[in-house]
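> Chains A and B are the protein sequences, given in the same order. Using this note's numbering, you'd call the opening residue of the first sequence number 4 and step up by one each time. Using this note's numbering, you'd call the opening residue of the second sequence number 4 and step up by one each time.
Don't take every hint at face value.
Note that the list lumps identical chains together, so a pair holds whenever it fits in one copy or between two copies.
[Stated by the list, open to error] Below, a list of computed lysine to any residue pairs in the SDA-like style, where the Cα atoms sit at most 20 Å apart: (1) 265 - 240; (2) 49 - 65; (3) 59 - 48; (4) 82 - 253; (5) 456 - 143; (6) 49 - 59; (7) 213 - 310; (8) 492 - 414; (9) 351 - 404; (10) 24 - 331; (11) 49 - 174; (12) 136 - 268; (13) 49 - 152; (14) 59 - 347; (15) 319 - 329; (16) 116 - 96.
Bear in mind the hints are in silico, worked out from the structure with no lab data behind them.
2 protein chains.
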Amino acid sequence: MGQLTSREEDYSKWYNELVQKADLAENSGVRGCMVIKPYGYAIWEKIQSNLDRMFKETGHQNAYFPIFIPKSLFEAEEKNAEGFAKECAVVTHYRLKSDPNDKTKLIVDPEAKLEEELIVRPTSEAIIWNTYKGWIQSYRDLPILINQWANVVRWEMRTRLFLRTAEFLWQEGHTAHATKQEAVEEAEKMLDVYTEFAEKYMALPVIRGKKTPSERFAGADDTYCIEAMMQDGKALQAGTSHFLGQNFAKAFDVKFTDKEGKLDHVWATSWGVSTRLMGALIMSHSDDEGLVLPPALAPIQVVAVPIFRTDEELTKISDKFFQLKSDLQKAGVSFKYDDDNNKRPGWKFAEYELKGVPVRLAMGPRDLENNQVEIVRRDTKEKQVVSFDNLAETIQNILEEMQTNLYKRALDYRTSRIQKVNTYAEFKEKLEKDGGFFLAHWDGTEETEALVKAETQATIRCIPLDAREEDGVCMVTGKPSKYRVVFAKAY
Amino acid sequence: MGQLTSREEDYSKWYNELVQKADLAENSGVRGCMVIKPYGYAIWEKIQSNLDRMFKETGHQNAYFPIFIPKSLFEAEEKNAEGFAKECAVVTHYRLKSDPNDKTKLIVDPEAKLEEELIVRPTSEAIIWNTYKGWIQSYRDLPILINQWANVVRWEMRTRLFLRTAEFLWQEGHTAHATKQEAVEEAEKMLDVYTEFAEKYMALPVIRGKKTPSERFAGADDTYCIEAMMQDGKALQAGTSHFLGQNFAKAFDVKFTDKEGKLDHVWATSWGVSTRLMGALIMSHSDDEGLVLPPALAPIQVVAVPIFRTDEELTKISDKFFQLKSDLQKAGVSFKYDDDNNKRPGWKFAEYELKGVPVRLAMGPRDLENNQVEIVRRDTKEKQVVSFDNLAETIQNILEEMQTNLYKRALDYRTSRIQKVNTYAEFKEKLEKDGGFFLAHWDGTEETEALVKAETQATIRCIPLDAREEDGVCMVTGKPSKYRVVFAKAY
Numbered sequence: 004m005g006q007l008t009s010r011e012e013d014y015s016k017w018y019n020e021l022v023q024k025a026d027l028a029e030n031s032g033v034r035g036c037m038v039i040k041p042y043g044y045a046i047w048e049k050i051q052s053n054l055d056r057m058f059k060e061t062g063h064q065n066a067y068f069p070i071f072i073p074k075s076l077f078e079a080e081e082k083n084a085e086g087f088a089k090e091c092a093v094v095t096h097y098r099l100k101s102d103p104n105d106k107t108k109l110i111v112d113p114e115a116k117l118e119e120e121l122i123v124r125p126t127s128e129a130i131i132w133n134t135y136k137g138w139i140q141s142y143r144d145l146p147i148l149i150n151q152w153a154n155v156v157r158w159e160m161r162t163r164l165f166l167r168t169a170e171f172l173w174q175e176g177h178t179a180h181a182t183k184q185e186a187v188e189e190a191e192k193m194l195d196v197y198t199e200f201a202e203k204y205m206a207l208p209v210i211r212g213k214k215t216p217s218e219r220f221a222g223a224d225d226t227y228c229i230e231a232m233m234q235d236g237k238a239l240q241a242g243t244s245h246f247l248g249q250n251f252a253k254a255f256d257v258k259f260t261d262k263e264g265k266l267d268h269v270w271a272t273s274w275g276v277s278t279r280l281m282g283a284l285i286m287s288h289s290d291d292e293g294l295v296l297p298p299a300l301a302p303i304q305v306v307a308v309p310i311f312r313t314d315e316e317l318t319k320i321s322d323k324f325f326q327l328k329s330d331l332q333k334a335g336v337s338f339k340y341d342d343d344n345n346k347r348p349g350w351k352f353a354e355y356e357l358k359g360v361p362v363r364l365a366m367g368p369r370d371l372e373n374n375q376v377e378i379v380r381r382d383t384k385e386k387q388v389v390s391f392d393n394l395a396e397t398i399q400n401i402l403e404e405m406q407t408n409l410y411k412r413a414l415d416y417r418t419s420r421i422q423k424v425n426t427y428a429e430f431k432e433k434l435e436k437d438g439g440f441f442l443a444h445w446d447g448t449e450e451t452e453a454l455v456k457a458e459t460q461a462t463i464r465c466i467p468l469d470a471r472e473e474d475g476v477c478m479v480t481g482k483p484s485k486y487r488v489v490f491a492k493a494y
Numbered sequence: 004m005g006q007l008t009s010r011e012e013d014y015s016k017w018y019n020e021l022v023q024k025a026d027l028a029e030n031s032g033v034r035g036c037m038v039i040k041p042y043g044y045a046i047w048e049k050i051q052s053n054l055d056r057m058f059k060e061t062g063h064q065n066a067y068f069p070i071f072i073p074k075s076l077f078e079a080e081e082k083n084a085e086g087f088a089k090e091c092a093v094v095t096h097y098r099l100k101s102d103p104n105d106k107t108k109l110i111v112d113p114e115a116k117l118e119e120e121l122i123v124r125p126t127s128e129a130i131i132w133n134t135y136k137g138w139i140q141s142y143r144d145l146p147i148l149i150n151q152w153a154n155v156v157r158w159e160m161r162t163r164l165f166l167r168t169a170e171f172l173w174q175e176g177h178t179a180h181a182t183k184q185e186a187v188e189e190a191e192k193m194l195d196v197y198t199e200f201a202e203k204y205m206a207l208p209v210i211r212g213k214k215t216p217s218e219r220f221a222g223a224d225d226t227y228c229i230e231a232m233m234q235d236g237k238a239l240q241a242g243t244s245h246f247l248g249q250n251f252a253k254a255f256d257v258k259f260t261d262k263e264g265k266l267d268h269v270w271a272t273s274w275g276v277s278t279r280l281m282g283a284l285i286m287s288h289s290d291d292e293g294l295v296l297p298p299a300l301a302p303i304q305v306v307a308v309p310i311f312r313t314d315e316e317l318t319k320i321s322d323k324f325f326q327l328k329s330d331l332q333k334a335g336v337s338f339k340y341d342d343d344n345n346k347r348p349g350w351k352f353a354e355y356e357l358k359g360v361p362v363r364l365a366m367g368p369r370d371l372e373n374n375q376v377e378i379v380r381r382d383t384k385e386k387q388v389v390s391f392d393n394l395a396e397t398i399q400n401i402l403e404e405m406q407t408n409l410y411k412r413a414l415d416y417r418t419s420r421i422q423k424v425n426t427y428a429e430f431k432e433k434l435e436k437d438g439g440f441f442l443a444h445w446d447g448t449e450e451t452e453a454l455v456k457a458e459t460q461a462t463i464r465c466i467p468l469d470a471r472e473e474d475g476v477c478m479v480t481g482k483p484s485k486y487r488v489v490f491a492k493a494y
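Take these sequences, add in the hints, and give me the full structure.
In C-alpha cells:
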C-alpha cells in the first residue's frame, strides 16, 4: 500500500492519496467524472439512508424527474439559467452510425440532430416547476414536499474527487407552498435537518448562516447554508437550503387559488447535499495513517483479527468471535471477522486503520487463555486489553464515546482557529499566517466582498444566524456594520 | 376522478389511464421521459430495497460509475456498440451562452465543442470494464461482484410509461470471474434471485429460460431471462442475466494471472431489472377499479376510514384505530388512518381501491358499539365484519393470504392461456383467436424465427430451462426439434 503523504507535508496530496488508497473513489476514463468504489459507496449509502429517514420524518416523499431539461425550459428562469449556462453538458443528437471510413468506428449521425437541445440537469428546478404547474390549482394541492435522489452534471474545469466533479450524486428537495412564511419555515427546517445530520452522524460542527446576495444560489431570494472547517482551516459548504420566493412559479406560471378565491403565485424552496459530504467527512477527522470514520457512518464498525499458529488455536479464537458477532448483530453493530490466512495481522491492522474502521480487536492464544482481547480505537489509537465478558457492551460504549469525541475534537479544533479581526491589515496578515475562519465586520456591499476576494481569495462564507448585534465598522471601508460575518478561504 | 376505461374495452388505454390516475407516473416535458410520482416511486423503493438486500445477501456490493461513456470506449466492444448505437443520446458540447439576437435566450456555445463526444450510458459494460482493467491483475482480485443503481437512456421512438421510456431507472450488476464456470453460475444465480423476487414479492409467476441468439443482449454469449404473462396474454420480459464470456475482457484487454501463473482474459456477467417491473406489476394483478398491489410491495398496506357524525364519535373511533396502529407498527405493517373531514367515506373507498391498498377498514358508531370493524380486501373485494379483538393478527393473516392468492391467481391465469401447438396454421389461428403463450417446436434457425416474427409479430420469448426433451418437428419447416420453445407477442 505504501505510506500516505503526511497532512503537514501536503494536505491536498494527502487527501487525494487517501481517497484512492482507502478505496473510496478514483478518477474515471471520463474527464472530471469519478468512480465511487464499493467502500466509498457503502459510506454514501449510510449517509443516504439516514438523510432519507430524516426527510420522511419531516413529511417529505421521494419522486423522480427526468435527467434532461429542454433548453427552452432551462432558460425560463433567467437568473438560474445564467448561473448554470457556463457548465452545462448538452445533448444535441440521438443516434450514432458506423463511420463510412472505418466500419469498426462510430460517428454521430448528423441526420439525428435534436430539434431542441437537451441540457443534462445541473439542478432540477426548471423541469420540476414545469411539472408542478400541472399539479397545482388550489391551496388544497399545497404544500408539495418532494425530494429526489439523483445524479447531476456541472461541467467544472478543475475537478477533485468528491469535492468538485463533473457528475455528482445528490439529493434535491423541491417544495411548493401557499405562503411566503411557510416556504421560509421549510427552508429553515431543512437547514435544521442538515445541521442535525452533520453534527449527529458526521460528527461535524457547522456554522449555520445565510449567504450574501452574490453567493446565493442562482434563482434564490435567500440561501441558507452550513459551513464546516476542514483540518487545513479552509471552509467547506456542506449543505444549502434555498428560499426561492416566487421566482420559479413566475417563470413557469404556477398559480393557485387561495382559501379566499384569490389567485397568487406559489412559493418555493429547494435544498440539497451531495457526495461532497464525503470530502467533508474525510477532511474533518482523518489522520496521517488514514481514514477516521465516525461510528454512525462506518460501513464496518468493528473488525476482529485472530492471531494464531495452529488450526486448533484458530478454531478456539473463531468460536469466541462468532459468539461476539451474534451479540453485536443483536445490538445493530456491524462486525467483520478477518481470518484470511494469506495476510499477516500487521498488514491487516494497517489496512483497517487506513479504512477508518472505528474499533479493531485482536486475540492471540495468550488472550484466549486469559479470556481477554486487545481493543484499539481508531480516533485516539488507544490500546486496551479488556475482558471478553460483556465485550459487546464495552464496544458499544467505546463507539458512542468515539462518536462524541470526534465531534468534540472537531469543535475544539474549529474554535481554536476562529479569530475576530477588526482591521483589513490584521485580516490579511492573519489569513496568510494562521488561516482558518475570521469574524469581521463588513459594510454589506458587493464591492467590498469582491475586493476582499480578489485581493485575498477569501470569501464571505456566511452571515451566521446566531450573530450577535454589535456596533462595528467594516474592516475594509470603515462604514458602519451591525454584525460580524465569516470570512475564509474555501473548497 | 372519473372511471377507468375497462380492460375489456381497451387494455392499453386502461393501462395508461391507471398509471396516471393512481398517481404512479406521467409524461414529462421531455420527449419519452417520465416523471415518477411519489406514490409510484414509493412502490419502486419497495422493489429496490428488497432486491438490494437480496443482492447483498448473495455477496454483491454497490458502487457508482459515470453516466457518460466516451465514444472511443463505447465502440470498443463491437457487438454491444452496434446493438445500442441507434438509440444513443450524445453530448457534444459543454457550455451555453446567451443568444446575441435575444439576450433572454440561450444557445449552444459553438466554441465549447467536446473533442470527443460522450454517450449517455444505455448500459454500463464499456465504462465499467474500462475501470475493471485497473482493478484486476491476479486471480486474487477476483471475483468482483458489483451492482449499480442508476438511470440509463435509450432513445426509443415509441414510448409508454414504465414499459418503454427514453430514460429509465434500473440496477445493473457487473461481475468478473476467473473461470467460465464461475461466470455461468453467477448468471444463473442472479436469474434465481430475480425469479424469487418476482414470485415472492411481485406475486408474479415467471418462465425461466434462455434467449435465442438473435434476442440476446448485444455482446453476450448467453442471455437468461424471466418472462411473465400480462392479463392481455402478452409477454413481458421482467429481467435478464447475461453470460458475457470474455467479450468485454477482450475488448478492454482485461487479463489476470491465474494460480498457475498463466495469463488469461477475465470472464464476465451482467444482469438487470428496471422500472419496467412497475409495468409488469400493474398489468399482472390490477382490475377495472384500479391497482391491485401485492401486500409485500404496497407502500400502504392497510387504510382505515372512520364514519361518524359527531366529534365524540370520531374521538372514540380514532382511539380504537390509534391502538390498532401501534399493534400493526410492531408487526411491521404499514397503516394509514384517513380522518380527513373534507372527503366523504365513499370517495375515500374508491380512492384507495384505485391506489391498490390491500386492506381497507371502516368503522362507524354501530361498529364501535359492537367492538367490530368492516374489512375489505382488495384482491377479491370480499367484505367481512370482524371483531376488533386480535385485529392486527386478523389483518396479518389476510395480507399473507392475499400475497399467496395473487400469485396463485396469476399462475392459474397463465396456465389457462398457454397452449401447445404443432402446426404453423394452428399457431397462427390460435394466436389470433386466443392470444397467450404457445409451446411449439422450432428448428433452431434465425430464418424461421424471423419469418414467424414478420408474419405474426410473435417472437420466441425463451427456450425454457425446464423444457422436457421430446421428438418433434419445427411447426414451420418440419425439420427435427428436441424442445418446445415459448412463442408470444410481447411488450
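> If a hint holds in the structure, say so; if it does not, say that too.
Against the structure, the hints come out as follows:
1. 265 - 240: neither (40 Å within a copy, 50 Å between copies)
2. 49 - 65: Both: 17 Å inside a chain and 12 Å across chains, each within 20 Å.
3. 59 - 48: both (16 Å within a copy, 13 Å between copies)
4. 82 - 253: within (12 Å within a copy, 49 Å between copies)
5. 456 - 143: Cα proximity of residue 456 and residue 143: none, with 46 Å in one copy and 51 Å across.
6. 49 - 59: both (16 Å within a copy, 15 Å between copies)
7. 213 - 310: Neither: 54 Å inside a chain and 48 Å across chains, both beyond 20 Å.
8. 492 - 414: For residue 492 and residue 414, only the intra-copy Cα distance (18 Å) is at most 20 Å; the inter-copy one is 65 Å.
9. 351 - 404: neither (24 Å within a copy, 50 Å between copies)
10. 24 - 331: For residue 24 and residue 331, neither the intra-copy (28 Å) nor the inter-copy (47 Å) Cα distance is at most 20 Å.
11. 49 - 174: both (14 Å within a copy, 19 Å between copies)
12. 136 - 268: Classified as within; 11 Å inside a copy, 54 Å across copies.
13. 49 - 152: both (14 Å within a copy, 15 Å between copies)
14. 59 - 347: Close neither inside one copy (45 Å) nor across copies (27 Å); limit 20 Å.
15. 319 - 329: For residue 319 and residue 329, only the intra-copy Cα distance (16 Å) is at most 20 Å; the inter-copy one is 45 Å.
16. 116 - 96: both (4 Å within a copy, 13 Å between copies)
Checked against the numbered hints above, the structure breaks hints 1, 5, 7, 9, 10 and 14 and satisfies the rest.
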